[in-house]
Amino acid sequence: MEEARLLLNDGFHDNPMFVPLTPEEFQFQAGELSTILDPRLSSVLKRDGVPLGVIIAIPDLNGFLKATRSRFGITTPWHFLRYRMNRKRAVLIFYSVARKAHSQGIMGAMIANTLGRVKAAGYETVGGTWISDENPASLRQVEKLGGRSLHKLHLFRKDLT
Numbered sequence: 000m001e002e003a004r005l006l007l008n009d010g011f012h013d014n015p016m017f018v019p020l021t022p023e024e025f026q027f028q029a030g031e032l033s034t035i036l037d038p039r040l041s042s043v044l045k046r047d048g049v050p051l052g053v054i055i056a057i058p059d060l061n062g063f064l065k066a067t068r069s070r071f072g073i074t075t076p077w078h079f080l081r082y083r084m085n086r087k088r089a090v091l092i093f094y095s096v097a098r099k100a101h102s103q104g105i106m107g108a109m110i111a112n113t114l115g116r117v118k119a120a121g122y123e124t125v126g127g128t129w130i131s132d133e134n135p136a137s138l139r140q141v142e143k144l145g146g147r148s149l150h151k152l153h154l155f156r157k158d159l160t
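For the record, in the sequence shown the residue sitting at position 147 is 146 according to numbering that gives the first Met the number 0, with numbers rising by one throughout.
These are calculated hints, taken from the structure and not from any lab test. Don't take each hint at face value.
Stated by the list, open to error - Heads up, simulated EDC-like pairs for lysine to aspartate or glutamate below, C-alpha to C-alpha not over 20 Å straight-line:
id, residue 1, residue 2
1, K157, E142
2, K87, E123
3, K45, E2
4, K45, E1
5, K99, D47
6, K118, D13
7, K151, E133
8, K118, D59
9, K99, E2
10, K87, D9
11, K87, D132
12, K99, D37
13, K99, D13
14, K143, D158
15, K45, D9
Build out the structure end to end from the sequences listed, making use of the hints.
Printed below as a string of structure tokens:
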């Protein structure tokens with residue numbers, strides 16, 4: 000996971016909406032992912048042993064969370080097993096390429112490879128998290144894949160002076 004954090008921080012360095020994560024912050028946010036990860040969905044690309052790109056994808060948990068109403072109870076294990084047997088949608092949490100490897104077609108190739116593995120694993124659809132309007136490279140990747148926008152996201156600010 001440390002390689003993923005380093006690649007995320009490096010690849011998003013110039014994104015004005017991104018705040019680099021410390022190891023502790025990344026662990027807090029992503030540490031529990033190992034319990035739900037499907038290893039067929041995520042990958043780290045290396046060249047000569049040096050990490051250049053990362054894709055972190057997970058099975059979509061929304062159906063499981065809805066079935067359990069986001070609460071642990073006596074039926075939670077049953078719902079989890081049912082979810083594991085019937086999951087059909089994967090979610091791309093993030094993808095990033097080291098700055099020194101930007102504009103080389105690496106991310107497009109990684110996403111195409113990932114989508115092939117997602118389909119081979121039996122998933123029928125893939126979704127993603129929000130992408131800032133200020134991140135044209137990521138928006139282009141989604142366009143090239145034929146992805147469609149589901150909704151807009153607005154961030155607001157108010158000065159307290």
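| Against the structure shown, which of the earlier numbered hints fail to hold, in ascending order? | The structure breaks hints 1, 6, 10, 11, 12 and 14; every other hint is satisfied.
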